[in-house]
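Between the sequences and the hints, there should be enough to build the whole structure, so can you do that?
Numbering of the sequence shown is given in my numbering, commencing with residue 986 and proceeding in unit increments.
Keep in mind that the hints are not guaranteed to be accurate.
Said to hold, decoys possible - Below, computed lysine to any residue pairings styled on SDA-like, alpha-carbon distance capped at 20 Å: (1) Lys1105 / Ile1238; (2) Lys1056 / Val1112; (3) Lys1097 / Met1205; (4) Lys1056 / Met1084; (5) Lys1124 / Gln1114; (6) Lys1097 / Glu1204; (7) Lys1097 / Met1084; (8) Lys1054 / Arg1243; (9) Lys1032 / Lys1172; (10) Lys1098 / Tyr1188; (11) Lys1098 / Glu1163; (12) Lys1210 / Arg1243; (13) Lys1172 / Lys1124.
Worth flagging that the hints you see were computed from the coordinates, not collected in a lab.
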Amino acid sequence: RDKPHYLVICGNMLLSGNHGLHCGSGNHEALLATISKVKQDLSKKGKVAAMIVKDFEADQDALGPLLKKDKFHSMIMDPIMEMEICGSWKSFDDYLGAMSSKYRVRTNNVRKKLQKTSIKRLTLAEVDQHYDRLEFLYKSVQQKSPIRLTQCSFLYLRNLLENMPDQVILEGYFEEGEMIAFLCGIKNGNSLEAHHIGIDYKYNKSHALYQNILYDFIEMAIEEKMQHVSFGRTAMEMKSTVGAVPVTYNAYIRFENRVVNSLICHFLPDEPAGDWVQRNPFK
986 RDKPHYLVIC GNMLLSGNHG LHCGSGNHEA LLATISKVKQ DLSKKGKVAA
1036 MIVKDFEADQ DALGPLLKKD KFHSMIMDPI MEMEICGSWK SFDDYLGAMS
1086 SKYRVRTNNV RKKLQKTSIK RLTLAEVDQH YDRLEFLYKS VQQKSPIRLT
1136 QCSFLYLRNL LENMPDQVIL EGYFEEGEMI AFLCGIKNGN SLEAHHIGID
1186 YKYNKSHALY QNILYDFIEM AIEEKMQHVS FGRTAMEMKS TVGAVPVTYN
1236 AYIRFENRVV NSLICHFLPD EPAGDWVQRN PFK
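The structure is reproduced here in structure tokens:
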């Protein structure tokens, strides 16, 4: 009771994908030694309850066998929804042109719901001006998230924009002068990370905000000449309707209590959630 308990996560808690880990020259043993040292250092202050190592693309997972040898268990997680941007797409109209007629009609109907909405890329000064509203929109989405490894305020996104102005894009959606949504994207090499969004849910259905935000990430990727968009793990079926496909990433967990760790493999899921249907909007 008088000492903290730690869940140690090796990887990025705020982004899905292979961020936060690098093994120079394939030196995976050195990474394992580093993980062990972190555990030892934290054990001086409190108790390490469990450790998670995430995310590795399934076909590039050289660390997995070593982790399993070190008594880590595979932790099945939902796939990350990712989308390749066709090199011939120069505008959003080109993306529409690649769709089957059914999905093109649906997309146009969704886009029409934003006809009276102004979308504006926000400067740092404008972010500070609208900070309270942005915090409200951010928390509205966070509170609906089924799993949150960590919680933070909108200050996190504000500081990202301040420190990485060339890589971070924040856009606000305004209806009659009131911000009703925002999106945050991160340019990471040739990839666009669909990072965080904020929504006032009383406008979500009437303006199809969530789906329009997905389309806006795609339009942003085309305009910024990105080759790839990573949409994260939630709302997989809806993301598949805009062209994203599931990509499997591996993760591993180990409980420091030996009895718990020996039993936990019987309770971990064998496969990711299958209660959704993969769609394909393209011809």
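We went through each hint and held it up to the structure:
Restraint check for Lys1105 and Ile1238: not satisfied, since their Cα atoms lie roughly 42 Å apart, outside the 20 Å limit. Only pairs whose Cα atoms come within 20 Å are accepted, and Lys1056 paired with Val1112 is rejected, the gap being roughly 46 Å. Restraint check for Lys1097 and Met1205: the C-alpha separation of about 18 Å stays at or below 20 Å, so the hint holds. Annotation: proposed proximity of Lys1056 to Met1084 is violated, straight-line Cα distance about 47 Å (limit 20 Å).
Taking the CA atoms of Lys1124 and Gln1114, the gap is about 18 Å. The hint holds against a cut of 20 Å. With a C-alpha separation of about 15 Å, the suggested pair Lys1097 and Glu1204 falls inside the 20 Å cut-off, and the hint holds. Using a Cα cut-off of 20 Å, the hinted pair Lys1097 and Met1084 holds, with the two alpha carbons roughly 17 Å apart. The suggested pairing of Lys1054 with Arg1243 holds, with an alpha-carbon distance near 14 Å, which does not exceed 20 Å.
At most 20 Å may separate the alpha-carbon atoms for a hinted pair to count; Lys1032 and Lys1172 exceed this at roughly 37 Å. Taking the CA atoms of Lys1098 and Tyr1188, the gap is near 10 Å; set against the 20 Å cutoff, the hint holds. For the hint linking Lys1098 to Glu1163, the alpha-carbon distance of about 16 Å falls within 20 Å, and the restraint holds. Taking the CA atoms of Lys1210 and Arg1243, the gap is about 50 Å. The hint is violated against a cut of 20 Å.
A distance of roughly 23 Å separates the Cα atoms of Lys1172 and Lys1124; the hinted pair therefore is violated under the 20 Å criterion.
Hint check: violations occur at hints 1, 2, 4, 9, 12 and 13; the rest are consistent with the structure.
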